[in-house]
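Take these sequences, add in the hints, and give me the full structure.
4 protein chains.
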Amino acid sequence: MSAKRIKVGIVGGTGYTGVELLRILAVHPNVELAAITSRKEAGMPVAEMFPSLRGHVSLAFSDPAKSGLEQCDAVFFATPNAVAMSQARSLVDAGVRLIDLSADFRLKDIAEWEQWYKAKHASPELVAEAVYGLPEVNREQIRGARVVANPGCYPTAVQLGLLPLLEAGLVDRGHLIADAKSGVSGAGRKEEVKFLFAEASDNFSAYGVAGHRHWPEIRQGLALAAGGEVGLVFIPHLTPMIRGIHATLYARINSADKGADFQKLFEARYRNEPFVDVMPPGSTPDTRSVRAANLCRIAVHRPRESSAGSDTLVVLSVIDNLVKGAAGQAVQNMNIMFGLPEATALGHVPVVP
Amino acid sequence: MSAKRIKVGIVGGTGYTGVELLRILAVHPNVELAAITSRKEAGMPVAEMFPSLRGHVSLAFSDPAKSGLEQCDAVFFATPNAVAMSQARSLVDAGVRLIDLSADFRLKDIAEWEQWYKAKHASPELVAEAVYGLPEVNREQIRGARVVANPGCYPTAVQLGLLPLLEAGLVDRGHLIADAKSGVSGAGRKEEVKFLFAEASDNFSAYGVAGHRHWPEIRQGLALAAGGEVGLVFIPHLTPMIRGIHATLYARINSADKGADFQKLFEARYRNEPFVDVMPPGSTPDTRSVRAANLCRIAVHRPRESSAGSDTLVVLSVIDNLVKGAAGQAVQNMNIMFGLPEATALGHVPVVP
Amino acid sequence: MSAKRIKVGIVGGTGYTGVELLRILAVHPNVELAAITSRKEAGMPVAEMFPSLRGHVSLAFSDPAKSGLEQCDAVFFATPNAVAMSQARSLVDAGVRLIDLSADFRLKDIAEWEQWYKAKHASPELVAEAVYGLPEVNREQIRGARVVANPGCYPTAVQLGLLPLLEAGLVDRGHLIADAKSGVSGAGRKEEVKFLFAEASDNFSAYGVAGHRHWPEIRQGLALAAGGEVGLVFIPHLTPMIRGIHATLYARINSADKGADFQKLFEARYRNEPFVDVMPPGSTPDTRSVRAANLCRIAVHRPRESSAGSDTLVVLSVIDNLVKGAAGQAVQNMNIMFGLPEATALGHVPVVP
Amino acid sequence: MSAKRIKVGIVGGTGYTGVELLRILAVHPNVELAAITSRKEAGMPVAEMFPSLRGHVSLAFSDPAKSGLEQCDAVFFATPNAVAMSQARSLVDAGVRLIDLSADFRLKDIAEWEQWYKAKHASPELVAEAVYGLPEVNREQIRGARVVANPGCYPTAVQLGLLPLLEAGLVDRGHLIADAKSGVSGAGRKEEVKFLFAEASDNFSAYGVAGHRHWPEIRQGLALAAGGEVGLVFIPHLTPMIRGIHATLYARINSADKGADFQKLFEARYRNEPFVDVMPPGSTPDTRSVRAANLCRIAVHRPRESSAGSDTLVVLSVIDNLVKGAAGQAVQNMNIMFGLPEATALGHVPVVP
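Chains as they are written, first to last, in this note's numbering: chain F, 1 to 353; chain B, 1001 to 1353; chain U, 2001 to 2353; chain Y, 3001 to 3353.
Each hint should be verified, as a subset may be incorrect.
[Said to hold, decoys possible] Simulated DEER-style distance windows between Cβ atoms:
hint, chain 1, residue 1, chain 2, residue 2, range
1, B, G1043, Y, R3143, 28 to 36 Å
2, B, A1256, F, A210, 22 to 30 Å
3, Y, K3120, B, K1190, 39 to 47 Å
4, B, D1257, F, A308, 21 to 29 Å
Since the hints were derived computationally from the structure, they do not count as laboratory data. All of these numbers come straight from a predicted model, not from anything done at the bench. Even for Gly, the Cβ is constructed at its ideal location relative to N, Cα and C.
Following this line, the structure appears as structure tokens:
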């Protein structure tokens, strides 16, 4: 297809965002996979850990120190938090463009980051420079970015669902509620009892009610859209499915704006967005309707509330947490950064059933 | 054990609330199962349709017309809506006490019932007399009731979670939000495509956003507790598990009441309730922690909201929709009606894992 | 992309094999989707029934009678059994090439077909002509076929797992055992109680022990490979997952052949097959390692059996029942029939997790 | 109820068999729970780790060294393998009767045990004395036993399904096949990646094909029944459900015995067994039909095999791995040992749906 291929490295390829990046990049016509690193698994063929990649990925995991990442055009970090920030500087200096799927560069307020992530930040100056990789907000800045902070999964679903309302100033920005439900892959490929099949299956619960790290990230994005601080209650829940996030968003309409056409507002906002689909009125989008695809589907509702009428708007926003909520969005960002058609290698039709 | 047994009939025993009633009643020491009716399956041994009951229930389904229900002491209706209302009169006149698990006697406002259930009500006078079977509210009236309207599953979870707040008048009753998630058995044993395993598994969605029949039932109960109309947004969701409801409830605390001790309020309200468990502060109850048991577990949270502080209270309320949300609560009501210890045959330890 | 596109019609597009065909064909570079028929849903946009296809398929279901199927180059039947056989003749006469995903043309013995499918066959002469669409056996005949009988899901997994043994004559062909497990989508998008989520989830059972329609189909294929009648016990099971078949196959090695290298035998047999992957010794392939991909993975084992040694060979064979077991194999057949590279539009990387 | 209660200790109460023992024993009328030990969690209330037990179990985990186990009447070991064997001697000497749910006392051949469990056995003399706790075989010896080796989950399902055939000598004991499928709780409450929800859900695979520790245990039991060595292929599989084992068993009928009435044979063998249910001819028992209950259901089939007839018998055997396959059977053994009615506290009706 194209003459020159982008030389791509992946740091930390053994988790779910790693294998999902590989699923997408393995068939990307403009990408050459140069290195997939894992200190722990160095030497093991990637397809041995992930048999689903047999025949698609022939690389072995390599030691980060010997992987030649600085010769790559782009490096994805699919690492735990607080890893990318230490390695970013030297790669950037070597001319590599970074897309970080962890949280290291998402929060502009370093003090807030350090409080939530309980670590000293290693590259505050790169935080200042980094672009928050939500293309629906920052497409132009992403084009030239050296460091892209790929958004979290919840933040993607919640922000895309609330942005039009806040940008237009039609709701009470001081009292937003995001009731979000995530599939278990959102917890990562972590050996924790509560994510075992026998624990998480046939079960449902809230978690992180006292404070979830995605809360400041969402508030930062919403505040930018609203032009001022927002009040947000964010309650995440674990639901027994592998992939998918369903955010149910509640906002109180300003009394002056009860006559607004919210369906139209959303349709207009996302008309030119290839990966946001505003559903017809009355829709209740399934998470599976975006399974394995880089897509956010949104429906806008105004439910009955009392005999006297309604002032609450309900927005339903669904994504695949591993695609539009992680690896897919990361590739979307890479496509933008390298001047490729934005949808390259992201044409997956959702897998149903 | 006891000398005299209660002669019990079940009308409509082929659905999930029916088989769950049988699971509980089959080992109830004071119950004699006299008849289980099903027009369609008359003659088939119950244990042939439900092999789980082999060795526990020896009855066959019988034709309602020939079942001798009027000789029973108590009859449970586990029928679709609009069935019990037609058969109730003659049974009541024969001295039988009724527990209706359908919605026929739940709404006091006949016009509202007829609008939501799209039928003419056949026994408005019994609606007036019927007692809403939420023991935590109506225990005394249940004792003497001839007709008990057993609450819906969502209404049980939502009301138990909000009642203390409304009774105490501490929150804005005009803006309540109930974001509720139900396992698929809540839809009944119905042959509908959307409840097939291949549709409902690994998937999550809202439904009934435009209006769910449990909405007026919840509003009726909350209004009684609040002493006036309430505003309620109720968004139910389908989650891929068999049993369980998780209600996440949002209420805005009155400015004057921000200093209240909500944990204490809930503990005091339910101190003597055998089937409501107020969890320790910080808890996030799993639905499986009540699986197969007649129990509602509740946790009270006051999450961060903005830098300026918080006025939203979040209550998590979980039940097994088929037990405390249906058959278990029905047996609890029967126990109360017949002067038995309220917990008789309801001592199930939740099944975990 | 290519100059001329294949004009494709799909008869019966409302089931799981239908939507899966659409998932694959929607992005096939050489296909023009001309018609998707459904008598019952005529007029409804396909993407309204299957929101996952929004943005990918713009057609509406059309009435079969008015769909202009005879102007298509290829027509897929994704219909219940006994439909294709009635419509095939006129389409074939109009020069259309047929790929039937139902069972109408799979059994060469008309009497046997009529016994298992309880109907009179409408096109016995086309049965004689039809080619059984297992490319690993009949690739050359498929090229020129006017009617391809696309294999069943179980028959694909079982035959691919046993063929090398029977072709080489190394096992007792009179005593083969196929213990097969299928995800629930294999039952189709059928409104039956036993396939409801609340029935099929967290549950496992055998079914069809007395006789499953895939039994004669498998025996026919194995007999051809073995050069004579085979004895086969085939026990299918329902397992609580959406997609996937896992066949565990048992064969007794001929005493003279205990020294054979079975791993090598399988590797040699499938060396040039793009969609059969013989796994390394010791592997236990997951069904998810082929999820949403057109692939059969096979592992060969020789387990301990007694202190005295072993003569049983165990073959594990996994496919996605909707892809290599249905729609994917159908597209593979179409590619062969129309002289396209066999893997066109079938390059999906399995979706894991 | 009864005057004297059995004082019971549980060693290792933090796994699935531990919490299941507690679910059963918490409401056992003749049991006083005296201690539940866990070195790691000493001091933590049991109901804090397992909220399902709130209100039922008030004990905290205690340090094994300070738990006063030697004052108990009975002690259950719900520990990993190779723990019970070290602590058994002193408890037995103190007059405590032991029920070991681990594998330490199951294999009579010490050398074989050491080979499979890769450890030196600490109490060979107690192995000699220990009674294998399958009541359907060893009820009388269990009554007086000081040490009961509670059978493994697979061995329970497989042995109960094959014993009648081997005792009667009607099948080729040299070529038995057990194709078994287990829910994920069978792997224990272990932090391993492959048992995570996102790995094990919507997936199916075989495992342990090269050799599973239950293989020698099953062979030992079958050999005793058959009166000589047996040949057995045992292939376990992991299926995405929480509880349940489904064993599909294949045996070749001796030519002389093709006329035997196998249904009758099984019914006669288990006529007086309270926890084995031989299903009517043609049944395919669901695992959920025994969910949360101490029960094995068995169905006997003789499927078609070839045009020439059949000599393979297929037996389907289902249990709940945590109940009849572990904790329930352990309580059944305790009841027998202490002269209680065998079904005490084991009257659970299976939980369906």
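Margin query: Hints numbered earlier in the text: which of these fail when held up against the supplied structure?
Written below: Going through the list in order, the structure violates hints 1 and 3 and respects the others.
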